[in-house]
Amino acid sequence: MPEVKEYTTPHKPTWCPGCGNFGMWEALKRALSQLDLDFNEYSMVWGIGCHGNGADFLKTQGFHALHGRALPVASALSLTRPDLKVIVEMGDGDGYGLGMGHFIHSVRRNIDMTCIAHNNQIYGLTTGQASPTTEHLMRTVSTPGGVLEEPVNPLGLALAQGATFVARGFAGDIPHLTELYKQAIGHEGFALVDVFQPCVTWNKLNTFSWFRERVYNLEDEGHDPSDRRAAFELSLTTFHEMTCTPDECRVPIGVFYREDEVPTYNEDATGAGDPGYHKATKPRDISGLIASFG
Amino acid sequence: MAPRDPEAVEVRIKIGGPAGFGIKAAGQTLARLFTRAGYETFDLTEYPSLIKGGHNNYHLRISSEEIFSHVEPVDILVALDRDTVALHLDELTEGAAIIYDPNDFDIGEVAGVPDTACAVPAPLKEIVYEAGGIPIMRNVAALGAVLGHIGFPLDYLTRSIEQQFAHKAPEIAEQNVACASAGYEHARDHECAFPYDMQARDRDGERVLVDGNESAGLAALAAGVGLYCAYPMTPASSLLHFFAKHAEKHDIVVKHTEDEIAAMNMVVGGAFGGTRSMCATSGGGFSLMVEAFGLAGVSESAVVVGLFTRPGPATGMPTWTEQSDLRFAIHASQGEFPRVVLAPGDREDAFHLTWQAFNLADVLQTPVIILGDTYLSDNRQSVPPFDTSRVEIDRGEIITEGEVEEYARYRVTDSGVSPRAIPGLKGAEQVVNSYEHDEHGYGAQGEDTGVRIAQNEKRMRKMELARTLVPPPAYYGPDDADLSVLLFGSTKMPVREAAKWLEREGISINIMQVVTVWPFPAVEVSEFLGRARRTAIIEGNFTGQLQSLVREHCLTDVDHTLHRHDGRPFSPEQVRGFIKEVLG
Ligand SMILES: Cc1ncc(C[n+]2csc(CCOP(=O)(O)OP(=O)(O)O)c2C)c(N)n1
Ligand code: SF4
Ligand SMILES: [Mg+2]
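Quick note, the sequences are listed as chains A and B, same order. Using the working numbering, the first residue of the first sequence is number 1, and each one after it goes up by one. Using the working numbering, the first residue of the second sequence is number 1, and each one after it goes up by one.
Looking at chain A on its own, in the form it has when it is part of the complex (with noise of 0.2 Å):
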């Protein structure tokens, strides 16, 4: 089994001192180990933003996507190479603005995939504009004025489309959200994880202490996560009052929702079961093809 510190590469994180992606590092490389994957048996995928920098950092035989496009080209590589375990690194901006359609999509294919999502509320690198998921009249470099939208309840799209394996996670909770990511690589089909990184530089709204305030563990109080209605109620708690206190916007973390033993989009597809480089190796016979065109 590789150790933690193994999965690392040469490259020291050049996050922000204190930014929750260094949480949420630290978990992945501790689920990767504990479930005993190997560099070649996992291959991550990741999307453009602060996020997306990990790729520099966490060692793998991955790819580093375009802006809001991981999910497109892990689902291929998901469907083309059942031998690998792929797992989505995504931001909001990246996945819930631009990648929006390939989200829904891939939830309700339930491509046999890990989504995690870095949800910092903001747009981290491109210096703190608003992101799908910033709270509502919270002002920003591009909302002086404050964000009119209601931010989008990524897990409550999820879940209505499906999902079948919804959790959240919490940056500043690392034993908890290796958990989590181990659940979700164990699930067969498409699991989100996602997961509040505070960006420390951008968002001095939803801070580290904002959510130690709040956040509690659904597991704690008897959430049941085979209740898609239950889950859904609780997704709700995405809309609260940017002023709200912490006893009265608490924050679930946990697994939300989970249903096992669905048939991925894998299992049905056609031409998913065998690596897709097998079938190049010498030209295919078509000459019965070719003569049905006679």
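I should point out that these hints are in silico values taken from the structure, not numbers from a laboratory.
The list that follows gives simulated cross-link-like pairs (lysine-lysine, DSSO-like), each with its CA atoms no further than 30 Å apart:
| id | chain 1 | residue 1 | chain 2 | residue 2 |
| --- | --- | --- | --- | --- |
| 1 | B | 426 | A | 59 |
| 2 | A | 12 | B | 458 |
| 3 | A | 85 | A | 182 |
| 4 | A | 5 | B | 426 |
| 5 | B | 125 | B | 24 |
Start from chain A and add chain B with the ligands according to the hints.
Coordinates of chain B with the ligands only, in the frame set by chain A:
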């Protein structure tokens, strides 16, 4: 109108009527029948982007000799409505027959029908009614009438009907046969003169009836494609249907994606995993793919992209043709990276260039575009079965087995090609990256000037390698000719046809088809134009995109140009007229 080949038996049939009445399917039945009976066929379907209503027509050229394209004239017009007669009067040859249902309209009331035309009334709907059939069967009655008029043995049609309905209810086959026979008898009764005694003939070798998309699809299958992704867009949609239909038997992942952005990003992901991956679309969809097309370039991903042009910009003219995406294909994406653009001119090209595209993509680890258009994508021609023994698979420097040591995905090499170890191999740690990157693929280092220059130059070196690998231009006609014509893509077909006609009139032309449009074969084009007596470019766009490449890369120009941008392909008649005019 064009001179007839004195040696050939040639008949041109047009079936026209409102959209949604199975006109193309009926026409294709005729094409199949005559192809099986030993003739060469070439069809052209014209239809608006509508499901019902509007005017559709299907033109079929049948010849005993080799043919290269469609033609304009019509010897037999099957008019399933009155508009069809009015719209195609100009195309009727002397003595042309008009097959129509007298219950639909009175042909005497259609203005301008030439005296020489011969009306063949056939009560198509009554025939169907008497046979107890359904309305769509009037097409079959009309086909029967066509054969009756020609005097061609009806059993070719009845056999194909029986085959087609063998797995369905036998009474449907019987009704169709009854309709065909009744249509046949009606047309026999009328005895409009028909100039040939047309019978089944012996021919050298077999033929298959394929359009450009089918030809490309067959080649991709042969080449071992494992992933095809697309979002429907005319004229590329039929390729999606082709792969979907054959996916199970040939074990391919075929995905109709949420949009073209997903399609292109997916094929890049497929290529990353080592799978031969392809997508295809038209200009609008390719516009959405462009960012990921550049991703394929910088990440050095082996992908094949079909770009089948229809008149643009934006939604444009969905079901018509144009050659206006040449510059778009060559330049699409920000930044600079190597790419190959291949432009098939006919079905044979579409087949052989497509399997080669997969090899070029793999060997060069860069995207390859197959630049086609509606004229080629949509229309079928009888061609000898493709020679699959020519298909080779060359995956280039790919490592799919074993282990690798001290691996660097983007190792700087003399050729510019870095050995590609696919994910899943021990030791193959790498980041395939959309950012500029170092030899291992790490992005943070890509902003170092030395790394950037090394990687950019490495990639661009592959362009030099590409020049040595890409298919060369194709030449037709004598070395010394009255006029030398430069062209690309499907325009090859009508120009070759026109060249054949002109030769009979004592005018010689030769043709250079730019097969690989990128990298542009400047040396060969300069040579061709340099030794010509007079030169012309014929291309289906407004601005002269091929001409502009000649000016830019060869620092020369041509004497004459012919453009077309009304959505229709060049016809050989138009090309012949142009050439006779410029040669005075
Ligand atoms: C097509 C495109 N548009 C815009 C950008 C610029 N851009 C890079 S990252 C980013 C937003 C990052 O926000 P998020 O996805 O939330 O990631 P974070 O930095 O917060 O991790 C943007 C707009 C881009 N790279 N590509
Ligand atoms: S800008 Fe924010 S998200 Fe980006 S590294 Fe700094 S703290 Fe982290
Ligand atoms: Mg963000």
